[in-house]
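2 protein chains.
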Amino acid sequence: MLRTHTCGELRLDHVNQEVTLAGWVQRVRNKGGLIWVDLRDRYGLTQLIFEEGSSEKSLLDKAAQLGREFVVSATGTVIERTAKNEKMATGLIEIKVSKLEVLNAAKVPPFIIEDETDGGDELRMKYRYLDLRRGVVREKLQLRHRMMQETRKYMDAQDFIEVETPVLIKSTPEGARDFVVPSRTNPGEFYALPQSPQTFKQLLMVSGFDRYFQIVKCFRDEDLRADRQPEFTQIDCEMAFVTQEDILNTFEGLIKHLFSSVKGIDLGHVDHMTFADAMKYYGNDKPDIRFDMKFVELNELAKGKDFAIFDNAELVVGICAKGAAGYTRKQIDELTEWVKRPQIGAKGMIYLRYNADGSLKSSVDKFYSPEDLQAWADAFGAEPGDLMLVLSGDANMARKQLSELRLKMGEELGLRDRNTYKPLWVLDFPLLEWDEETKRFHAMHHPFTSPKAEDIPLLETDPGAVRANAYDLVINGVEVGGGSIRIHDRATQQLMFTHLGFSDEEAQKQFGFLMEAFEYGAPPHGGIAFGFDRICAIFGGSDSIRDYIAFPKNNSGRDVMIDSPSTIAQEQLEELSIRVSLEQR
Amino acid sequence: MLRTHTCGELRLDHVNQEVTLAGWVQRVRNKGGLIWVDLRDRYGLTQLIFEEGSSEKSLLDKAAQLGREFVVSATGTVIERTAKNEKMATGLIEIKVSKLEVLNAAKVPPFIIEDETDGGDELRMKYRYLDLRRGVVREKLQLRHRMMQETRKYMDAQDFIEVETPVLIKSTPEGARDFVVPSRTNPGEFYALPQSPQTFKQLLMVSGFDRYFQIVKCFRDEDLRADRQPEFTQIDCEMAFVTQEDILNTFEGLIKHLFSSVKGIDLGHVDHMTFADAMKYYGNDKPDIRFDMKFVELNELAKGKDFAIFDNAELVVGICAKGAAGYTRKQIDELTEWVKRPQIGAKGMIYLRYNADGSLKSSVDKFYSPEDLQAWADAFGAEPGDLMLVLSGDANMARKQLSELRLKMGEELGLRDRNTYKPLWVLDFPLLEWDEETKRFHAMHHPFTSPKAEDIPLLETDPGAVRANAYDLVINGVEVGGGSIRIHDRATQQLMFTHLGFSDEEAQKQFGFLMEAFEYGAPPHGGIAFGFDRICAIFGGSDSIRDYIAFPKNNSGRDVMIDSPSTIAQEQLEELSIRVSLEQR
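Here the protein sequences line up with chains A and B, keeping their order.
The opening residue of the first sequence carries number 1 in full-length UniProt numbering; numbering runs sequentially from there.
The opening residue of the second sequence carries number 1 in full-length UniProt numbering; numbering runs sequentially from there.
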């Protein structure tokens, strides 16, 4: 080894030992006859000292010439510092250097390599290898590493087998677009990269591997939104001979294990909520339940009082912000403007303030008597000091808008603490959702999800009302995982494909192998997949997944560091039997 | 859970307990009033019993209708067997069934699902999900799982960080062909799938993650030979601030850990051998050292005695097969025919038999005196009872041919026991190798491998003689891993590209980001990658990697189960700005 210790491990115990450290020059302070160098590696910082008189002149000169990010090895004696730094793990000691070797010089980096940097997004992406040197970024990848190891530890202990499923599979463009890979040896044919290992993990259940997991890259060729990546990582899991309850318990266990082992947090009880309730009470299939502020529907109380807006609305619905009666008129106007922005799309907002003195003040006082408003307040369970905010209109729209408002109020009132974690299982998702564009039903989860047995007759009469054996795990308003009990017989699977608008030929071409597998003894099974990048971001207290990915792509799907994608040679295209044809677009 | 226990866990302790098992029907024996069913799951087999009189008639009828591979759940009481089967883990008990539920029926499988099967290769590949039910195949994937977990356990304990590098990267067609992925959002441009995460792991070293590993899928678009797969798995590793010796020690540690934790074998000392010695003594850069039988060069003894074949040969070289003097003339003739096959390509073979009585008999008695032959025998260190086999010709060819003969003799003499493991580090590989086809030097390992400092001047005068800081780990004659100390400065890297025939522009376009990274403080570093599929096969005692891969492709790169690759829709092609152009070929 080119070092005897790391830059994070020396303490007073090591005083008088001769050591060799190696790392990067973080900072040089040169006071003429006295030079301090902070040497950095993955494990920490250690101060080196070079002193006129006790160090040789040539050594001092060498130290004086060190620049930021030079790579050096330094040999010397551990000494006790006179000016101690209790905030640094190695702050009680320093190294009196007797030998210094420059292992590699460094150009001046394009941005400051410290927790607070002056580098913009583009620059840090281009020099991602320098950005990764910053402690705050490095810690995110270290967290990710820890999460991976602990996930595997738990799954292995629960008898799950990690199986690598293929990356070169077959294009089945249900859902998002596939990335495809031209086959050289099968001209005119293409592999596809998996959007998930769904069919393979189901085949593993048919094979009898009753507990499977994998931490696996998946691919979606989507138009990238702010926080999506074309390649992302899933914790992918499947179990046979289980009920939905068994799956929830098993993976509640995983999440609890991760919280306790990685963050030292006891997650406690994980609530369950139906999709229907989530929509009714939070207007959202991934409610943030760190705070309550449930929706209260006011149709009965608010309609029929000649207030046309409410009378014409399908739904009048509001929230009660506890203790927010102090909001000024200006603040309330700002909220009204906020919900009227096109991103939210409300037509307006009604407020009802429950003053500390017990009186009620609203923006619709002329339509409603104090008794009417008191009835509202009672419906909200409001107390003096609370502020009620009410939206109305088309039921789905109003709920969606109110959900946004609720989250904003939660934020403003400090109810969404990043260090508080509230997990929630959302259950009984609809099987199908209507797609306006294609005018047909799509599978809400995926075509392999089983309908609830008692709802199957509805497939013919009211497909949108059919509930699925499908569930999501939500933490703090973020969906971190989702899954379902699968279909495991050919007839039901074929029925599903028919309802999804597949012709028998299409279904056979794309998923014939799976339906055939179901005929050779497929056990009841189900599973779940977690968005690993997302879980890491939540554990790290971040909104964005990008920093939890070592080498992410930008919003145009480019890796600006290696400059990819790029053109390829004509011979490569010819070997692959394809041509670029830009004019088609 | 749809079961209370697995089919592998019930013992005499459980007698009288009521249990529910679920699994597949392995076998039904129907003796009229008495039916036995062997129920199978991943964990084992348990015998179910249905008896007239004590079981209801309807239950007996149901049991009688079970077919092979039906999926059932059975509830009943654990009872002690009268006819015990000590060979089965659950052979002391059986389940007297009170309730039987068919969870799924099964068609008759296309081949027998037992360790010994009647299914041919193609059929088992098409129904891979059924093949995976066979115990012998399942165990291979379970071994692979264990190997993965233990690899991570070791690496994590050694402070290595697992980092996922991107799968959508950039085409750099040095070495094998890349698989490419057309980018929809960047028309006319392509990603490539990684042949290895080489440049990324080096960038991680530049980032200061001084110990990286990953168990990662890699891709090579090669014409598939018998035991190659287009996608394969590597244990990919890199370390900074280390010497070659540190790397050898660290990964010797990994291999020892795997042998002890997975197979309970103490691997003992790992030998080192230079590439030059491996070629000289074994004619092979991956010698099987489970047995000795080193090459002995006979030029001095064999030439100049008017035996034209030897006189005209660049090299006369042989092996001594201990105790093989009993080989008959017929057996020796067969060996001669064997080395003359086109796959080996020798012109002939000379033998020298050291008879038990001390006399010597050879096929060249008329050219060599008994004293001459005795001198040969002495050079071989032969004793009465040994058989010496000698080849000659062009030195490289003769060594290669003799290496094959040595391995065959080792096999025939039972010296290559699958349960004996002899690891070996082969060191000091050449940096470059001459490619006849392109008439230029290629990097033997890859272009990032550092030359030995003392050999750098030879780059100008005798490039083929430059040795690299490169090493392979060989077990039982199979290369399981290889790596090198890398170049970590721009000047040397550029020099290498020049010697490999890159123009400055090409080098910059393909690897500019890496060379630039070397200017911002790159530490000395090196690493290794292990062929994970191969290591699993060796641990499992198999020659072929295919069974250690859950869903392998066939030799034409097809997945015959899902029927991939396949054609894709015209709209997909259009979105990707490509056309299929079969006529080009």
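Keep in mind the hints are simulated off the structure, nothing from the lab.
Don't take each hint at face value.
Below, a sample of chain B positions facing chain A; criterion: calculated Cβ distance under 7 Å [to be verified]:
1. Arg3
2. Asn104
3. Phe111
4. Ile112
5. Met125
6. Glu150
7. Tyr154
8. Ala176
9. Phe190
10. Tyr421
11. Trp425
12. Leu427
13. Lys439
14. Ala517
15. Ser556
16. Gly557
The beta-carbon is built from N, C-alpha and C at its ideal position, and this holds for glycine as well.
Tested hints:
Taking 7 Å as the C-beta cut-off, the interface hint given for Arg3 (chain B) holds, the closest approach to chain A being about 5 Å. With 7 Å as the threshold, the beta carbon of Asn104 (chain B) comes within range of chain A, its nearest partner Cβ sitting at about 5 Å, so the hint holds. Contact between Phe111 (chain B) and chain A, as hinted, is not supported at the beta carbon level, the nearest pair being about 11 Å apart and thus beyond 7 Å. Residue-level restraint check for Ile112 (chain B) is violated (minimum Cβ-Cβ distance to chain A is 13 Å; threshold 7 Å).
Checking Met125 (chain B) against chain A: minimum C-beta separation of about 12 Å lies over 7 Å; hint violated. The restraint placing Glu150 (chain B) at the interface with chain A is violated, with a minimum CB-CB distance near 10 Å, outside the 7 Å limit. At a threshold of 7 Å, the smallest CB-CB gap from Tyr154 (chain B) to chain A is about 12 Å, leaving the interface hint violated. Annotation: interface hint on Ala176 (chain B) violated; nearest CB of chain A at approximately 12 Å, more than 7 Å.
The interface hint given for Phe190 (chain B) is met, as the beta carbon of that residue sits about 5 Å from the closest beta carbon of chain A, less than 7 Å. Hint status for Tyr421 (chain B): violated, given a least beta-carbon distance of 24 Å to chain A, over 7 Å. A least Cβ separation of about 18 Å between Trp425 (chain B) and chain A goes past the 7 Å threshold, and the interface hint is therefore violated. Annotation: interface hint on Leu427 (chain B) violated; nearest CB of chain A at approximately 19 Å, more than 7 Å.
This hint is violated: Lys439 (chain B) has a C-beta 18 Å from the nearest C-beta of chain A, more than the 7 Å allowed. Against a cut-off of 7 Å between C-beta atoms, the interface hint on Ala517 (chain B) holds, since the closest Cβ of chain A lies about 5 Å away. A cut of 7 Å between beta carbons decides the hint on Ser556 (chain B): the least distance to chain A is about 6 Å, and the hint holds. This hint holds: Gly557 (chain B) has a C-beta 5 Å from the nearest C-beta of chain A, less than the 7 Å allowed.
Hint compliance for this structure: hints 3, 4, 5, 6, 7, 8, 10, 11, 12, 13 are not met, and every other hint is.
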